[in-house]
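Given these sequences and hints, build the entire structure.
There are 2 protein chains.
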Amino acid sequence: MVKSIVVSTARLPKTLVEKLKIYAEYFYLDETLNKEEILSNAEVLITWGQDFDYKEIRKMKKLKAIQTLSAGVDHVPFKEIPDSVLLYSNAGAYSEQCGEFAWALILALSKGLNNIVLERQKYLEGIYSKPRRINNSKILIFGTGGIGKTVARIGKGFKTYNVGVNRSGNKPEFFNEVLSSEVAFERLSDFDIVVIALPLNKYTYKLFKYEQLVKLKDESILVNVGRGDIVDEESLYKVLKERPSIRYGSDVWWKYDDKEAFETKTGIHKLPNAIFTPHISGVSGKGFIEESMSEAIENVIRIITNNNPRNLVDTNDYI
Amino acid sequence: MVKSIVVSTARLPKTLVEKLKIYAEYFYLDETLNKEEILSNAEVLITWGQDFDYKEIRKMKKLKAIQTLSAGVDHVPFKEIPDSVLLYSNAGAYSEQCGEFAWALILALSKGLNNIVLERQKYLEGIYSKPRRINNSKILIFGTGGIGKTVARIGKGFKTYNVGVNRSGNKPEFFNEVLSSEVAFERLSDFDIVVIALPLNKYTYKLFKYEQLVKLKDESILVNVGRGDIVDEESLYKVLKERPSIRYGSDVWWKYDDKEAFETKTGIHKLPNAIFTPHISGVSGKGFIEESMSEAIENVIRIITNNNPRNLVDTNDYI
Chain B
1 MVKSIVVSTA RLPKTLVEKL KIYAEYFYLD ETLNKEEILS NAEVLITWGQ DFDYKEIRKM
61 KKLKAIQTLS AGVDHVPFKE IPDSVLLYSN AGAYSEQCGE FAWALILALS KGLNNIVLER
121 QKYLEGIYSK PRRINNSKIL IFGTGGIGKT VARIGKGFKT YNVGVNRSGN KPEFFNEVLS
181 SEVAFERLSD FDIVVIALPL NKYTYKLFKY EQLVKLKDES ILVNVGRGDI VDEESLYKVL
241 KERPSIRYGS DVWWKYDDKE AFETKTGIHK LPNAIFTPHI SGVSGKGFIE ESMSEAIENV
301 IRIITNNNPR NLVDTNDYI
Chain V
1 MVKSIVVSTA RLPKTLVEKL KIYAEYFYLD ETLNKEEILS NAEVLITWGQ DFDYKEIRKM
61 KKLKAIQTLS AGVDHVPFKE IPDSVLLYSN AGAYSEQCGE FAWALILALS KGLNNIVLER
121 QKYLEGIYSK PRRINNSKIL IFGTGGIGKT VARIGKGFKT YNVGVNRSGN KPEFFNEVLS
181 SEVAFERLSD FDIVVIALPL NKYTYKLFKY EQLVKLKDES ILVNVGRGDI VDEESLYKVL
241 KERPSIRYGS DVWWKYDDKE AFETKTGIHK LPNAIFTPHI SGVSGKGFIE ESMSEAIENV
301 IRIITNNNPR NLVDTNDYI
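So the sequence lines, in the order shown, correspond to chains B and V.
Per the working numbering, the first sequence runs over residues 1 to 319.
Per the working numbering, the second sequence runs over residues 1 to 319.
No lab work stands behind these hints, which were simulated from the structure alone.
Be a bit skeptical, because a hint or two may be false.
The list treats identical chains as interchangeable, and a pair is accepted whether it falls inside one copy or across any two copies.
[As the list claims (entries may be wrong)] When the alpha-carbon atoms are kept at most 30 Å apart in a straight line, the in silico DSBU-like pairs for lysine-lysine are as follows:
#1 K270 - K130
#2 K3 - K19
#3 K259 - K79
#4 K171 - K159
#5 K55 - K209
Structure (structure tokens):
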């Protein structure tokens, strides 16, 4: 049997290459002398996305599938991909770390750790530091995929009441209720904590505008571990300035010129009621890259062997 | 029937006063005109401790019990208290908030939120910021009382392996194992996270000296929500300077001249691998004072009615 040809734009760890080679002829693109030939014969492409010029896809006449190493696929230029090529994301591979990170932001903001002052009374009374309690709080989680589920599970340790937001209406474990986003926005003022764990696509782009954000409860916390552009920057800036008791934590940033900038037009990341980190939530702990790549490679093997591959992207969500 | 006389050095909320008045004659000491007379007749004293001159106890000939509003009783001058007077603490009344706060410190330190830099690579590689993963980590919790139990319960949301340290050998819910402190110190290098949730008494004073601290694992996190003096300041300072990958978080401080100073002799609180907050962990969220006072008042009612009062302090632990 002729093995499928798989190319990767990222260097994979040796153990994963060996695993893959049982099922495929594997090439790491950067080290391939005959790049043009390999591209023209490759059936599966593994890529981070940012390390690949998608215009090359025109040359890949035998390409059947793309497997991203990233969880999100919002960076993919969908117009460049022929209809015959299926796109698989690596959704779920970073869920545990991202979910933990969402809680790190929630707790830091709840307890005022971004505005520590050593005068006790000032700490306790300061608008930006005043500690709050998590126990028994109501948390609204936009997105009930891997990250959302992890956020909900961790919340149960704190005895939170978890409400999920999704399109399917399915209620995964650790959620008390699930709502549509329309109903969720109507009830936004009920929640102490709101977490955004959604992918960025045409439905979620600027889903949170002034009209929605203004409904946030006083002293509530909004955390974003999805994508920056799910929230409208100017609207959020306005709300955080107008209502300093609302606190925002984000590991994700707005894209300017198609690139996530660790800088903001409004200066929102410097507000005292905000914490911003430079998109590092998925990258926590030793061995993380191997583990998340491993998830993608397992899926590539499922693709090659026609064994129910996961995370097929519905391109209609993006175009 | 003659009601017991109860005095409080702290102003109690109206609802609690009303509750108490069903069982006792109640006086708020500061507002009492005939202070000397009340003291000489009082059977129960409710106090924070810091707001009371314990020398007054000599005048309190009918005193049977003291109920502290604080969880810890390390501030009490035990020599001033006659053997006939029983001391009850308010242990447990702050457990939920303190346990949450321990996790706020653990997560902030794990994810480097105290050393955020916006250059992504610097953040990921920085000795003081490099993010770590909580999931599957091993956590050693000194003290399996209210705070320890809360820390263990919250840990389960993160899928931690929880090992408790206590004298009784009892294994409460959410703990995987329980050890004596001798065995725990022998195995200290096994743990990713170590939490101190002990009271300060003659057994725990400077329990963590250089000899113990030096066994901490590389890249481990030590969090103290017990009392500062459970750890020897100079030893800890030395370890944190020598091994910058170890991170320390503390809401509690060393006592200088019998007073918790939000300042340190060594300057340890300014180290980049440390977070210090000014003893605010118990004070999170609206209504916290009422709730924790309520626990104490419920116990006073148990004392008066001989109905199994809780948290009797063994003064031998202190003298």
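Now for the hints, and whether the structure bears them out:
Taking the shortest Cα distances, K270 and K130 sit within 30 Å of each other both inside one copy (19 Å) and across copies (21 Å). With identical chains, the CA atoms of K3 and K19 are at most 30 Å apart within one copy only, with a shortest distance of 14 Å there and 80 Å across copies. Taking the closest pair of Cα atoms, K259 and K79 come within 30 Å of each other only inside a single copy of the chain (18 Å); across copies the shortest separation is 68 Å, beyond that limit. Taking identical chains as interchangeable, the C-alpha atoms of K171 and K159 lie at most 30 Å apart whether they share a chain (18 Å) or sit on different chains (21 Å).
In this homomeric assembly, K55 and K209 never come within 30 Å of each other (Cα to Cα): the closest approach is 34 Å inside a single copy and 62 Å across copies.
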